[in-house]
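Trainee: Chain by chain, the residues:
2 protein chains.
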Amino acid sequence: MKISEIGEFGLINRISRDTIINPKNILLGIGDDCAAYYASPDKITLITCDMLVENIHFTLSTCSPRQLGRKSLAVNISDIAAMGGIPRHTLLSLGASSDTSVEFIDQLAEGIKEEAKLFEVNVIGGDTVRSPLGLVINITLIGEVEPDLVVKRSTARPGDLIIVTGELGGSAAGLILLLEGEKYSAIPLNIAKKVKLAHLSPVPRIKEGRIIAREKIATSMIDISDGLASDLTRICEASAVGAKVYASEVPILPAAKEVGKLIKRDPLAFALYGGEDYELLFTVSPKKAENIVKLIKKELDIKLSIIGEVREKQEGIKIENLQGKVVDLQPKGYNHFRG
Amino acid sequence: MKISEIGEFGLINRISRDTIINPKNILLGIGDDCAAYYASPDKITLITCDMLVENIHFTLSTCSPRQLGRKSLAVNISDIAAMGGIPRHTLLSLGASSDTSVEFIDQLAEGIKEEAKLFEVNVIGGDTVRSPLGLVINITLIGEVEPDLVVKRSTARPGDLIIVTGELGGSAAGLILLLEGEKYSAIPLNIAKKVKLAHLSPVPRIKEGRIIAREKIATSMIDISDGLASDLTRICEASAVGAKVYASEVPILPAAKEVGKLIKRDPLAFALYGGEDYELLFTVSPKKAENIVKLIKKELDIKLSIIGEVREKQEGIKIENLQGKVVDLQPKGYNHFRG
Chain L
1 MKISEIGEFG
11 LINRISRDTI
21 INPKNILLGI
31 GDDCAAYYAS
41 PDKITLITCD
51 MLVENIHFTL
61 STCSPRQLGR
71 KSLAVNISDI
81 AAMGGIPRHT
91 LLSLGASSDT
101 SVEFIDQLAE
111 GIKEEAKLFE
121 VNVIGGDTVR
131 SPLGLVINIT
141 LIGEVEPDLV
151 VKRSTARPGD
161 LIIVTGELGG
171 SAAGLILLLE
181 GEKYSAIPLN
191 IAKKVKLAHL
201 SPVPRIKEGR
211 IIAREKIATS
221 MIDISDGLAS
231 DLTRICEASA
241 VGAKVYASEV
251 PILPAAKEVG
261 KLIKRDPLAF
271 ALYGGEDYEL
281 LFTVSPKKAE
291 NIVKLIKKEL
301 DIKLSIIGEV
311 REKQEGIKIE
321 NLQGKVVDLQ
331 PKGYNHFRG
Chain H
340 MKISEIGEFG
350 LINRISRDTI
360 INPKNILLGI
370 GDDCAAYYAS
380 PDKITLITCD
390 MLVENIHFTL
400 STCSPRQLGR
410 KSLAVNISDI
420 AAMGGIPRHT
430 LLSLGASSDT
440 SVEFIDQLAE
450 GIKEEAKLFE
460 VNVIGGDTVR
470 SPLGLVINIT
480 LIGEVEPDLV
490 VKRSTARPGD
500 LIIVTGELGG
510 SAAGLILLLE
520 GEKYSAIPLN
530 IAKKVKLAHL
540 SPVPRIKEGR
550 IIAREKIATS
560 MIDISDGLAS
570 DLTRICEASA
580 VGAKVYASEV
590 PILPAAKEVG
600 KLIKRDPLAF
610 ALYGGEDYEL
620 LFTVSPKKAE
630 NIVKLIKKEL
640 DIKLSIIGEV
650 REKQEGIKIE
660 NLQGKVVDLQ
670 PKGYNHFRG
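Protein chains in written order, with our numbering: chain L, 1 to 339; chain H, 340 to 678.
Derived from the structure by calculation, the hints contain no laboratory data. If you're wondering where the values come from, they're calculated on a predicted model, not measured in any experiment. Wrong hints could be hidden among the right ones.
As the list claims (entries may be wrong) - For lysine-lysine, the following BS3-like pairs were computed, each having C-alpha atoms within a straight-line distance of at most 25 angstroms:
1) Lys600/H <-> Lys652/H
2) Lys642/H <-> Lys43/L
3) Lys626/H <-> Lys642/H
4) Lys332/L <-> Lys341/H
I would like the entire structure built from these sequences, with the hints used as guidance.
Mentor: The following block contains the structure:
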């Protein structure tokens, strides 16, 4: 069945089922001119949005609609994590052509609602429109954070250590295999599966972000969406500081290393420039670094890696490569319009 | 100059100038993982979003980028007006092809910021992405309203009178002239200009909505985006009531009447089914109807028209036409995917 057969209102009716996970504080969900809710009086409201365009941000040949739905919300949840916040409510704008199947939209919405449920996020509104030339998804996500726990990008200080959660490079390796899989059929299935999963199903680091915020130790934080090099550069520019990263300390997903070896591409480049790993990158005073690494290991069994240090602005943003040579860390990564 | 020459970050830098009109309560605008603000502790948060797709919602041959920008925000402000609220902050997601000119984007952003300034709305965030197949705009707008003043769609009661602000049909007449202008070159310029303006530059009824809310007299309210017939049907469905409208009482913009006569189209149809007039449609107890009509006339010099009454659900949604015959009021209007 095509969505032209059920129309806009039929579509909204289907999407709006089971959208309120936590009705507390919700006055109106989908179905009025606006959604309406009570914000927590003692919290700061956080809000972020992402627009995803077919064949730019995703290709339907490499992901299922359910995966696409989950990831669309996950990348926004990751932005809330990077502020130390908790996600609360989301609005979904969806542009699709009239001959899109209802089943496709159902699965896409199902994916969004699955991810929403996992993080206790209410779907409270949105828009559904005709988009003849391809699928467009815009997700707006509202979250909140205690005023004394919010972590900005702009407050890193020279001398701080630079820490990253988890392991990088999986998403970039996964994307290569998803797009050019037939060229690399010799790669063991379990390895291929791991990196593809890293690309298709990122897990936003909400719990890690909350612990980092709660401990009040981070002087700045960002999520790695465009690549370690680009996102570290954003922290440095916003904070007017420099940085030095040690290539030897950058944690690379073992499966990504394996893929790099097999397809003769540098796995460090996946980690530095690949993006879409959705790990948290943050800075802390050296005195507090070891503690947070231990604490998150203990509470969540997640590895944190100290990968470098914040420097004075005039020292620039550098990386000491595996040969011990210090070079500029180029903020290569995804830049829209320049591709 | 094309936007591919300045890249995503160059574009964001240009758009993010002069975006905070009212810095009170804003912690972070554009430039971090999320925007952050303090919600008013004694208010309900309202939130709405609209996605606009090139050649579906707008055609660049009929509007300037500045007009498009203003209208994109205005239609969302209208949704806040329909809840009795005040608009506060907006997020703009923009998809455009790499060969879009920087001047075009500048003017589009200028239009959004002009409208934002007029209504004291801060532009606090957004996303800019590549969209090879055409322009896509998603506006998310946050507003607020006092808990005892919020007006829903779902609380109209049989016996209430139905009232509409201003005059209808101008936008539909204007759209016809914009799309098929060469066919109708005999229409006087001043008439054509009025209806085109009604389509291109709608004025959201924030002041009217605030008075209606403040007086606590409306039992339901909606803004007319899809046409009087469709939007009244939404109130009736949400409130589980019927309605009777008198065609003779529906206020039609004189210029729209004139256009109807000249192009041999029924101006009442423009008013009932045309949509995009962005007037407010609300219901009140009969005892309070005359008062609110007088009050808004006095305070804002805006005409309100009592156009019908709310009935029991089983009576259906009817219109007494100009010949005195009572017929079903069909919720014709814009339905995406059925188009």
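Trainee: Compare the structure with each hint and give your call.
Mentor: Checked hints:
no. : hint                  : verdict
1   : Lys600/H <-> Lys652/H : 36 angstroms, violated
2   : Lys642/H <-> Lys43/L  : 42 angstroms, violated
3   : Lys626/H <-> Lys642/H : 19 angstroms, holds
4   : Lys332/L <-> Lys341/H : 21 angstroms, holds
Checked against the numbered hints listed earlier, the structure breaks hints 1 and 2; every other hint is satisfied.
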